[in-house]
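Undergrad: Please model the entire structure based on the sequences and the hints provided.
Top to bottom, those sequences are chains A and B.
For the record, in the first sequence the residue sitting at position 72 is 72 according to this note's numbering, with numbers rising by one throughout.
For the record, in the second sequence the residue sitting at position 243 is 243 according to this note's numbering, with numbers rising by one throughout.
Among the clues, some could well be false.
[Stated by the list, open to error] The list that follows gives simulated cross-link-like pairs (lysine-lysine, DSS-like), each with its CA atoms no further than 30 Å apart:
#, chain 1, residue 1, chain 2, residue 2
1, B, K290, B, K403
2, B, K429, A, K435
3, B, K290, B, K160
4, B, K429, B, K290
5, B, K160, B, K102
6, A, K435, B, K102
[To be verified] What the simulated footprint calls covered on chain A by chain B, stretch by stretch (three residues with Cβ under 8 Å from a Cβ of chain B suffice, anywhere in the stretch; the number is not a length):
#, region
7, 271-282
8, 422-428
9, 477-485
Treat the hints as calculated values from the structure; they're not laboratory data.
Backbone N, C-alpha and C define an ideal beta-carbon position, used for all residues, glycine too.
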Amino acid sequence: MNITLADLIPLQPLLIVTGTAVVTMLAVALKRSHGLTAGITVLGLLVATMVAAELMATANDQVTPLLIVDQYSLFFTVVVCAAAMFITILSYSYLAPLDDDKEEFYLLLGIATIGAVVMVSSNHFVSTVLGLETLSMSLYGMVAYPVHSAKAVKFPLEASVKYLVLSAAASGLLLFGMALVYAQTGTLAFADIASSAATAGMGTGFSVIGLLLISVGMAFKLSLAPFHMWTPDVYEGAPLPATSYLATIGKAAMFVVLLRFVVASNALAFESVVAVFSLLAVASILAGNLLALLQENLKRILAYSSIAHMGYLLIAIIASYDAEGAVSVEAVSFYLLAYVIMSLGAFAVVAALSSSDSEVDRVADYQGLFWRAPWLAAVFTAMLLSLAGIPLTVGFIGKFYLFFAGVEASLWLLLAALVLGSGIGLYYYLRIVYKMILPVPDSSALPNSAGSLGSHSVLALLLLLLIVLGVYPAPVMAIIESISTLI
Amino acid sequence: MILVALIAILFVGGLLAWASERINPALPKYLALLTILLDLLLMTQLLQAEPDGAWLALIDVEWLPRFGIGFFLAADGLSTLLLLLTGFLGLMAIGSAWEEIKERSGFFYFNLLWTLAGVLGVFTALDLFLFFFFWEVMLIPMYFIIAIWGHENKNYAAMKFFIFTQVTGMLMLISILVLAYFHYVQFGAFSFDYRDLLNVSTSGRLEFWVMLGFFIGFTTKLPSVPFHSWLPDAHSQAPTAGSVILAGVLLKTGAYGLIRFAVPLFPEASLAFAPVAMALAAFSILYCAKVAFAQTDIKRLIAYTSVSHMGFVTLGVYAWNEQALQGAVMTMLAHGLSAAALFMLAGGLQYRIHTRNMPDMGGFWPRVPRMATVAVFFSIAALGMPGLGNFIGEFLALLGAFKANIPFTVLATCGVIFAAVYSLWVIQKVFHGEFRNEGFEESSLADLNRREMVYFAAMMIGLVWMGMYPQSFLDLSAGSLNNLLAGTQELLALAQE
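TA: Printed below as a string of structure tokens:
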């Protein structure tokens with residue numbers, strides 16, 4: 001199949017992100033300048049975000065059999081590019097004191113974003129794997145980035161190797177599953193799997209095992225329990241910008257693929273797949289929330305909380321089959337958006353207080369933050385309450401969607417797990433809030449004033465989004481409703 | 001519009017109070033006072049409003065069209081009474097915090113006003129999503145009030161309060177969503193509008209469970225045994241103003257929810273469930289009265305008596321006839337004042353002598369005659385002395401409940417005797433006998449000052465008014481209660497056909 005010039009128009013966001021990575025590389029080759037590289041990346045991602053938003057009104061094309069550019073993929077392209085841009089801004093002040101070359105981090109970040117954009121536009125196994133590997137390969141580098149720094153307090157190399165090995169194993173499972181499905185159906189495109197499911201191939205032989213292997217592979221990447229072991233260690237060991245990239249974009253892109261795959265391929269028509277998904281959901285909700293109770297490190301708490309949130313999201317995925325996708329697909333989209341905003345916000349606060357030579361990531365370090373740096377504490381409180389699903393924040397609307405999806409599909413047991421998990425979750429989120437409102441201790445690790453102008457404006461923007469989408473989400477709801485009909 | 005203004009004023013006032021702390025730490029309390037007074041002024045406007053159908057004031061604009069959610073606020077006589085109670089107790093709370101809260105006063109008044117805003121929202125929201133929204137909004141500022149300005153064990157108490165109400169709130173959310181989904185199945189569109197949801201036929205297997213979601217959500221807030229255990233902790237740890245708002249207003253949101261939503265939305269299931277609910281109420285009344293008697297911490301004691309008294313409300317609501325409902329509403333109002341006053345007295349004592357432990361106290365009457373007299377007045381009010389508001393409420397509630405279920409009503413009536421025992425016991429412990437001052441300076445025990453006398457006098461007048469001329473309150477709520485009764489009777493008649 002030939003690619004015509006007209007095909008390139010819907011691919012613009014992807015091309016711009018790719019171009020940004022190339023320009024970044026050339027700029028580093030010509031002249032090392034931290035500010036310049038970061039600037040180019042921010043600019044490129046900003047343009048990509050705007051172009052993708054602009055295209056949303058018109059585009060709806062299958063460009064080559066590998067990529068689909070519809071409103072759904074463009075919506076998440078916007079989310080991914082905007083989040084990547086925010087992380088770039090946060091990285092700038094975080095990396096500033098690093099005693100090593102800083103510029104390549106932005107190159108890795110740009111390439112990872114290419115992978116994420118490919119993933120959200122993928123409806124074919126090949127593009128899924130290509131996107132996923134591009135994303136993961138860059139993340140290995142980002143996680144290990146400060147490895148040569150003498151001042152790095154963490155253990156980035158351990159985190160990176162752990163992530164590399166487990167992620168490669170998961171990719172292996174994923175590929176094996178895909179191969180089995182291919183052997184049965186003779187196709188790699190999501191949509192064709194469903195049509196051949198009606199005929200012979202699916203439902204017999206190895207295809208169910210194939211679907212289960214694919215689910216397990218994806219569960220690894222999404223860190224769903226019991227495949228979550230790597231998450232807390234990698235989150236803790238990685239530098240903060242890499243952690244926030246992994247936690248937000250890494251998860252969201254994978255989930256978009258999962259949703260598209262599940263809906264298009266009708267995988268949930270098999271009871272065994274539903275059973276596995278339900279078990280994954282319940283296990284993640286319980287394991288994530290219960291283990292988070294035991295943590296003293298903020299990055300580990302957020303890691304376990306992300307495990308729980310992925311479990312919540314899985315409920316909506318399961319509902320998408322039972323309820324014929326009425327609200328549940330929208331629920332996944334909205335909750336993903338909410339999740340990206342609130343967890344990015346939470347990491348952004350930690351990043352604003354930290355730098356590559358000292359990370360403020362113990363809960364105890366936050367004692368008295370409310371009186372020392374009220375603005376940062378207020379943002380952090382808002383983000384944590386949103387993660388807990390309290391009104392006036394986007395997290396509440398997201399929870400509302402999930403509950404609605406669950407009710408529609410009558411998934412009472414999963415809803416019970418959701419209530420239980422959220423109840424436990426409240427405890428560790430509030431524990432952090434409580435720590436912040438205690439009086440300032442005499443020996444406080446907190447800097448008096450923290451964060452650059454850039455990170456503060458990112459925080460302000462995220463807080464604004466958090467509250468606007470929590471109070472008046474109607475416009476975004478309308479967009480999500482219209483994009484979700486396409487999937 | 002007036003309802004939006006009522007809530008918006010509190011939200012804005014709270015923000016201003018917080019911001020004003022930077023200018024002068026004394027400024028927030030004046031701003032908070034001004035905000036509440038403005039709100040009370042507006043509420044009196046509501047009293048003079050011409051009823052438009054069943055509602056005195058109403059606003060309904062589209063909010064989240066995807067789910068048929070509207071920004072729908074409306075007030076009838078019942079809500080207006082509770083709005084006035086909220087405004088009045090808000091004023092009292094500020095009075096009691098006036099000297100007690102010295103640290104971070106801006107953030108304190110911010111939280112206080114936002115809690116009140118959430119409560120006003122709960123009393124007026126008639127879109128169930130909006131109702132739930134406000135229901136949760138009032139939790140966070142209350143959490144902060146307990147967690148920042150509370151006493152020795154504040155973290156535990158605040159956390160317990162939050163988790164109890166939030167988790168049971170989620171059960172209620174599921175019930176609300178099931179209702180909205182039923183509406184979709186039966187009428188082809190999502191709706192969270194109270195008027196629409198009343199038409200949803202919920203008969204069937206699920207009705208009981210959906211009703212139970214509401215019941216648990218509301219009786220946790222009320223609270224009733226077995227969901228009450230957060231209350232004694234929250235009360236004993238909260239600062240005085242927090243206790244006033246908790247006992248006076250927040251508990252009433254649970255009772256209001258039962259009257260407005262739990263029973264009218266599920267008349268059949270509620271009818272079937274009434275004996276269980278009344279049994280729980282009677283058990284609550286007796287058990288908590290007994291437990292109150294065993295307390296040494298004066299605030300815990302008052303907290304348990306609150307649970308005991310709120311049992312009369314549950315009893316009245318599930319009797320579901322006019323007298324019982326009127327009694328429940330009167331109990332809500334009168335208990336709001338008497339419990340708030342008792343907490344203010346306990347808080348005042350603690351502020352002076354830094355202890356809530358009753359064995360450390362005794363023989364205070366000659367030192368603080370004014371305080372002792374006031375305490376006797378409110379204890380007598382709480383035990384249900386004729387001539388004061390609580391008597392009217394409990395009498396009507398029991399009278400109505402007697403028609404519905406005789407055994408549990410008889411049991412519940414015994415609670416009135418227990419109330420007399422523990423109320424007088426407290427007075428005797430603290431104010432009579434030999435003077436004891438263990439662990440505090442004798443000089444710190446000062447009598448009520450003029451500011452305190454003013455707000456106690458205001459509450460006394462309120463209770464006497466309720467007791468002597470209850471008709472002025474009954475008239476206001478009668479219309480709304482009769483509407484609710486008529487609605488459920490219609491539905492029950494339909495169901496029986």
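Undergrad: May I ask which of the numbered hints given earlier this structure violates, with the numbers listed in increasing order?
TA: 2 and 7
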